[in-house]
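Quick mapping for you: the protein sequence lines, in order, are chains A and B.
If you read the first sequence in our numbering, its first letter stands for residue 1, the second for the next number, and so on.
If you read the second sequence in our numbering, its first letter stands for residue 88, the second for the next number, and so on.
Hints are computed from structural coordinates only; laboratory data are not their basis.
Every clue listed holds true.
Just a sample of chain B residues kept apart from chain A, beta carbon distances all over 10 angstroms, derived: (1) Asn-119; (2) Thr-122; (3) Leu-149; (4) Lys-154; (5) Ala-198; (6) Asp-203; (7) Gln-220.
With a cut-off of at most 30 angstroms between alpha-carbon atoms, the simulated DSS-like pairs for lysine-lysine come out as follows: (8) B:Lys-153 / A:Lys-58; (9) A:Lys-59 / B:Lys-153; (10) B:Lys-154 / A:Lys-58; (11) B:Lys-116 / A:Lys-59; (12) A:Lys-58 / B:Lys-116.
Built from N, CA and C at the ideal position, the CB exists for glycine as well.
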Amino acid sequence: MLPCMHKKLWGIDCIGCGTQRAAYMVTQGEFVSAFKMFPAIYTTILLFGFLFLHFIDKKRNYHKIIIFLAITNAVIMVFAYIYKNLF
Amino acid sequence: MENYQDQNNPQNYQNSNFNNGNGNFMVSKLPNATTVLVMGIISILGCCCYGIIGIVCGIIGLVLAKKDTALYQQNPTAYNNYSNLNTGRILCIIGLVISSIAFISNIVLIAMYGFDGIQEMQQQWIEQMQMQQQL
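The shape of chain A in the complex, shown without the other chains (with noise of 0.2 angstroms):
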């Protein structure tokens, strides 16, 4: 796994830590404990594959679900990493 600069050097977690350990757990079938680790995962998950349709494929119009998707994740993103940081 890449490791990530920002824990390296503060030993805190950054805003986009947990993603990769996350997947892995998703692979691994322990959903909820992905979700706990990383709450943006599915939508991380959900968005990156709505991309990969966008490339793939040229006849639908993707773009609403991935601007929205894209705001979601950013969303839960801030808001879990205040509140793993703060609580």
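Starting from the known structure of chain A, fit chain B onto it as the hints suggest.
Quick look at chain B alone, frame taken from chain A:
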């Protein structure tokens, strides 16, 4: 004069091949739309390297998007992938926001603890990791 059609108005084209203003009689794609999209994706992913990669890619993407938007505004019917550009632009903005938060948190931590505090925190973290491994 009723049947007269303004040759310069792109709305009056009869088929899909029309003048896009550059002398090319065809529907063209905006030059940087895919680049903007890729920059947006990189800027979302790049928040972990102190946020610097994300900020740089996000700003490059936004500048390219602004150029292409100006190009599109000159002749809105000549390009068929404006939605692609718009998606990329919003991804760039979101990546920029996330990277900025990561970057600002770095600056705040440096302001709070200073560079001397970094080593202490690293040592504490390493000790914590060792404790967890022993458990």
